[in-house]
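Q: As a plain string of letters, each chain reads:
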Amino acid sequence: MAVMSFFHNPHRFMAGSKWPAWGFTILGIVLIVTGFGIGFFRTPEDFQQDERARMMFVHVPAMWLCMFSYAFMVGASFISFVWRHALADVAAKSAAPVGAVFTAVGLITGSVWGYTTWGTWWEWGDARLVSVLLLFFIFLGYIAVWEAMETPQKAARAAAILCLVGAVNIPIIHFSVEWFASLHQKSTFMTTDAKTTAEFKTPMYIAALGYLALFGGLTLLNMRAEIMKTRADILLQRKQAAD
Amino acid sequence: MPVTVDTDYTAYVVFGYAVGVIGLLGVTIWTVLRLINAQRKLEQAEKDDTP
Chain X
47 MAVMSFFHNP HRFMAGSKWP AWGFTILGIV LIVTGFGIGF FRTPEDFQQD
97 ERARMMFVHV PAMWLCMFSY AFMVGASFIS FVWRHALADV AAKSAAPVGA
147 VFTAVGLITG SVWGYTTWGT WWEWGDARLV SVLLLFFIFL GYIAVWEAME
197 TPQKAARAAA ILCLVGAVNI PIIHFSVEWF ASLHQKSTFM TTDAKTTAEF
247 KTPMYIAALG YLALFGGLTL LNMRAEIMKT RADILLQRKQ AAD
Chain S
223 MPVTVDTDYT AYVVFGYAVG VIGLLGVTIW TVLRLINAQR KLEQAEKDDT
273 P
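Order-wise, the sequence lines are chains X and S.
Oh and the first sequence: position 76 is 122 in this note's numbering, straight run, nothing missing.
Oh and the second sequence: position 42 is 264 in this note's numbering, straight run, nothing missing.
Because the hints were derived from the structure by calculation, they are not lab data.
A virtual CB, placed ideally from N, CA and C, is assigned to each residue, including glycine.
Be careful, since some hints might not be right.
Residues from chain X that face chain S, not an exhaustive set, calculated with beta carbons under 8 Å [claimed, not checked]:
| no. | residue |
| --- | --- |
| 1 | Thr-71 |
| 2 | Phe-86 |
| 3 | Arg-100 |
| 4 | Met-101 |
| 5 | Ala-150 |
| 6 | Trp-159 |
| 7 | Thr-166 |
| 8 | Leu-175 |
| 9 | Val-176 |
| 10 | Leu-179 |
| 11 | Leu-267 |
| 12 | Leu-281 |
| 13 | Lys-285 |
| 14 | Gln-286 |
| 15 | Ala-287 |
Some chain X residues flagged as far from chain S (calculated, every beta-carbon gap over 10 Å) [said to hold, decoys possible]:
| no. | residue |
| --- | --- |
| 16 | Pro-56 |
| 17 | His-57 |
| 18 | His-105 |
| 19 | Val-120 |
| 20 | Thr-155 |
| 21 | Trp-168 |
| 22 | Arg-203 |
| 23 | Gly-212 |
| 24 | Val-223 |
Straight-line alpha carbon distances no greater than 27 Å define the calculated DSSO-like cross-link-like pairs of lysine-lysine that follow [unchecked claim]:
| no. | chain 1 | residue 1 | chain 2 | residue 2 |
| --- | --- | --- | --- | --- |
| 25 | S | Lys-263 | X | Lys-285 |
| 26 | X | Lys-275 | X | Lys-200 |
| 27 | S | Lys-269 | X | Lys-275 |
| 28 | X | Lys-232 | X | Lys-247 |
| 29 | X | Lys-200 | S | Lys-263 |
| 30 | X | Lys-200 | S | Lys-269 |
| 31 | S | Lys-263 | X | Lys-275 |
| 32 | X | Lys-64 | X | Lys-275 |
| 33 | S | Lys-269 | X | Lys-285 |
| 34 | X | Lys-232 | X | Lys-285 |
| 35 | X | Lys-64 | S | Lys-263 |
| 36 | X | Lys-275 | X | Lys-285 |
Start from the sequences, fold in the hints, and give me the full structure.
A: Put into structure tokens, the structure is as follows:
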């Protein structure tokens, strides 16, 4: 609550967010390059999936972070809807393009990995694949709502409602492999009986931390751009009214 | 007739990594350009606003 109140003032946010925004972005890039590098060049071939297993270092963190991005947007939309926090809408709006790109990366790499493993690029009957595609469309719909409404206030309200309704898809994505018959394998990293070795876990966690830092950095940079643009629009409108 | 199974997956793996790199680099560059444009727009608006 104290942090929420502190950042209610956009000036305070602008003053305190510059270095964290760039710091997280650079940290994210460094960690992703390290994770991808170890994963591609140093990780041994898997005994079942041979070199195809190396795709997990790109695909799995993208899928984790696309769900995280959406959960972040749901939290921000809820805060905006209930407390009308000045920056909550900006935060949700700023996270959406980053989340959409993570989802697209997850979908494309998943499709390629699926083709080499299952022999098909896409399976419409698979709940995991279809629910992630739906998440991608929700991200696009959310971005479109912001552009389509007449005023930013109306857009923020409509986008927050869409985001909160779309939240039902997140548990469906997560549990789809448990609830429905699926080509997609069940969760192997987040279970207590996971047998994944450190050779695979290390680059995976480095890449995932990189995606997380990049998400934080890019969301903060997008928020800063959004605040500057709003401020510029207000000044231009004031000038036009005065002329 | 024997069925030939292609077991060389290098091209697929490289393509997967390329998608990841292009996607993440793309969204990073897009964000930075958006920030630069917003900064320019604000500077211009503040200059015009100065009496």
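Q: Each hint: holds or not?
A: Going down the list of hints, with the structure as the test:
1. Thr-71: Check passed: Cβ of X/Thr-71 comes within 7 Å of chain S, closer than 8 Å.
2. Phe-86: Because about 6 Å separates X/Phe-86 from the closest Cβ in chain S, which is inside the 8 Å limit, the hint holds.
3. Arg-100: 5 Å, holds
4. Met-101: 4 Å, holds
5. Ala-150: 6 Å, holds
6. Trp-159: 7 Å, holds
7. Thr-166: 14 Å, violated
8. Leu-175: This interface hint is violated because 16 Å lies over the 8 Å limit.
9. Val-176: Because about 20 Å separates X/Val-176 from the closest Cβ in chain S, which is outside the 8 Å limit, the hint is violated.
10. Leu-179: Not OK, violated: X/Leu-179 not within 8 Å of chain S, min 16 Å.
11. Leu-267: With Cβ-Cβ at 5 Å, under 8 Å, it holds.
12. Leu-281: 4 Å, holds
13. Lys-285: 6 Å, holds
14. Gln-286: 10 Å, violated
15. Ala-287: X/Ala-287 check fails; min Cβ-Cβ to chain S is 12 Å, beyond 8 Å.
16. Pro-56: 12 Å, holds
17. His-57: 13 Å, holds
18. His-105: At about 7 Å from chain S, X/His-105 fails to clear the 10 Å cut-off, so the statement is violated.
19. Val-120: 20 Å, holds
20. Thr-155: 5 Å, violated
21. Trp-168: 15 Å, holds
22. Arg-203: Check passes; 23 Å lies beyond 10 Å.
23. Gly-212: About 20 Å separates X/Gly-212 from the closest Cβ of chain S, which puts it past 10 Å; holds.
24. Val-223: Label holds. Min Cβ-Cβ 20 Å, cutoff 10 Å.
25. S/Lys-263 / X/Lys-285: Cα-Cα ~14 Å, so holds.
26. X/Lys-275 / X/Lys-200: 18 Å, holds
27. S/Lys-269 / X/Lys-275: 15 Å, holds
28. X/Lys-232 / X/Lys-247: Satisfied, since the Cα-Cα distance of roughly 17 Å is no more than 27 Å.
29. X/Lys-200 / S/Lys-263: The given pair, whose Cα atoms are some 24 Å apart, holds under the 27 Å limit.
30. X/Lys-200 / S/Lys-269: 30 Å, violated
31. S/Lys-263 / X/Lys-275: Cα-Cα ~7 Å, so holds.
32. X/Lys-64 / X/Lys-275: 16 Å, holds
33. S/Lys-269 / X/Lys-285: 11 Å, holds
34. X/Lys-232 / X/Lys-285: 59 Å, violated
35. X/Lys-64 / S/Lys-263: 18 Å, holds
36. X/Lys-275 / X/Lys-285: 15 Å, holds
In summary, the numbered hints that this structure violates are 7, 8, 9, 10, 14, 15, 18, 20, 30 and 34.
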